[in-house]
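Number of protein chains: 2
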Amino acid sequence: MKFRNFKMVGYVIYGLGSFDQLDEILAPQRKGDAPMIFFVDEYFKDKPAFLSRIPLQGKDKIVIIDVTHEPKTTQVDKLRDDLKAAFGEVSGIIGIGGGSVMDLAKAVGLMMTNPGSSADYQGWDLVKVRGVYKMGIPTISGTGAEVSRTCVLTGPTRKLGMNSDFTTFDQIMLDPSLTSSVPANQRFYTAMDCFIHCVESLQGTYLNAFSKSYGEKAQELCEEIFLEKKQWDDDADEKLMMASYAGGMSIAYSQVGVAHAVSYGLAYLLGTKHGIGNCIVFDKLEEFYPDGVKKFKAMVKKHNIEIPQHITKGLTDEQFDTMINVSLGMAPLWENALGKDWQQIMTRERLRKLYEQL
Amino acid sequence: MKFRNFKMVGYVIYGLGSFDQLDEILAPQRKGDAPMIFFVDEYFKDKPAFLSRIPLQGKDKIVIIDVTHEPKTTQVDKLRDDLKAAFGEVSGIIGIGGGSVMDLAKAVGLMMTNPGSSADYQGWDLVKVRGVYKMGIPTISGTGAEVSRTCVLTGPTRKLGMNSDFTTFDQIMLDPSLTSSVPANQRFYTAMDCFIHCVESLQGTYLNAFSKSYGEKAQELCEEIFLEKKQWDDDADEKLMMASYAGGMSIAYSQVGVAHAVSYGLAYLLGTKHGIGNCIVFDKLEEFYPDGVKKFKAMVKKHNIEIPQHITKGLTDEQFDTMINVSLGMAPLWENALGKDWQQIMTRERLRKLYEQL
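Chains as they are written, first to last, in UniProt numbering: chain S, 1 to 358; chain V, 1 to 358.
Because the hints were derived from the structure by calculation, they are not lab data. The structure presented is a predicted model; accordingly, all values stated were derived computationally and were not measured. Hints are supplied without guarantee of correctness; some may be wrong.
Note: identical chains are not told apart, hence a pair may lie in one copy or across any two.
To be verified - The calculated DSSO-like cross-link candidates involving lysine-lysine, where the alpha carbons are at most 30 Å apart (straight line), are: (1) K2 x K229; (2) K128 x K7; (3) K301 x K212; (4) K2 x K59; (5) K313 x K302; (6) K229 x K295; (7) K230 x K212; (8) K230 x K159; (9) K45 x K2; (10) K31 x K2; (11) K61 x K2; (12) K313 x K59; (13) K294 x K212; (14) K128 x K31; (15) K301 x K59; (16) K2 x K47; (17) K295 x K212.
Given only the sequences and the hints, what does the whole structure look like? Please build it.
What follows is the structure in structure tokens.
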């Protein structure tokens, strides 16, 4: 297809305190006594006040999700096997947390009905059967995972999402009050995932009015929150949640660019997490995104954020080569950023110099 | 529910020329030899070049829709009866046109599976059964009907939509090239439906960050197109289509205001169409929306639009009373615009004076 036919999430509820409506939203989705399974970010493990607000019924279960590492296909398969062994069938999977928890909720929701290993479905449109009911409740803003049709997984041979129309959530709940206790550093890195995404897509060569309108709004909200606001407040949580949503929607007809392509190399070799990895790289990209990087540096300064430096110091030539190979493998990102002739522009030597600066 | 759980359209395809993908999008929705029915605005009746682009297969049928008057429940029921008599079942209804055609496509799509008359379902959440597959393809921008969960119908006792989650389209196709031949006056009135909606909702007392972000973007796009652009071009068609979509999305958590409340009275008594009716009223609302009306007047001037004047001249007291009764019946609109005490602010006398100015 020339233009992508974009699958939307089924339902959106937005509002400060809308989490209290979870029970009534889930009620019509319950199938007999098959339980609802709540995947909850380990951040909430020791927060009984929050956990007690999850409306458990019958055999419903809370599964605390370890997010030390980004989601793996083995982790997805094990979660699925455990749920199958314990319950046979489930009514649905509700992911409450950051991007990793949401991606796991999507992946396990799909694997409850699709046979084999999740690694079999890493790619585009390989999932053939609808999963169980899936809901995403972000507790940190910026990833856009709430509206995407993918769930990024590290598999035996590659890091790649299960991209399909079945992957998109049936329901998302956007309650900005859930994000109010996120530590400032983590909040910043994740918000910058959205900001950097917008800069890259708006300056890219792939773009149309649909994605542009979403991307511009998301970027404008990020700038208002991080450059103009005097202090963090409910309004900031509300706007950042909308920025994340709009940034996610903008991906429909756009693509990311240099920061993402370079940071995938860091993630692969060093396990650097997505949000902070993008910040580490973007900080050095003045020549590609002069206006965006200037604003980024102003935000970093205003919010007293420490961007890690010298993380590639002491790496071997072989290690640099690994990162370069991974990064140059992301052809669509480079083409979006630099045009058809990107291979002439971003040579291995130039990319090596860039990695050395990080 | 405190916060509305907003049903999204199933799929969105956006792009200049995306209409050429209609055949492949419909293919998986065909059920045996049951036809796809294309409701086409009478504007295209004598445009064979356009009609021949509709990908007819088997028993598929084009039904030219008379849009002289706004949609009626009797019209919906008759279209449904005719289709049932001719085909028994249909695979889907595709509405190609303005807001009236889209509303008819939604209504007939629902009535193919729901018993009785469409008048039985005017209200909120009265539709209990999913309709057939429904798709909306706007050929004029501004109504927002492409994303709404209603279809406004004039019935035996009232003008009211079939508001339900089943009403929302399964698919929308946003191809700005389809709007490029709309006459400038009609385009302006319909675009102002979007602009006025945004002014009313952004200045209203009901609003949250979700609707605000969509409403701001839609208003900004309208201002860019109608105040800044030197001449109409593809970019204007693209942006106006996005403004309409964003304006429609913003209704999720907002409400319209004075112009809509007053123009419903005109529509009821005089049959004034929605787009032009809103313009006639908004033109006189400086005291309620000073900034918005100032911009509106600048757009009117720049585009040489003639806003009808003195349309209520010579009406009887009884006729004024009818309009006033209809208008004051729209309590949520007045409360959104003027707050809880709206009845003290907008007295019958004041509203009569306002109607006399039109």
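Worksheet item: In ascending order, which of the hints set out earlier in this document are inconsistent with the structure?
Response: As far as the earlier hints go, 8, 12 and 15 are violated by this structure, in ascending order.
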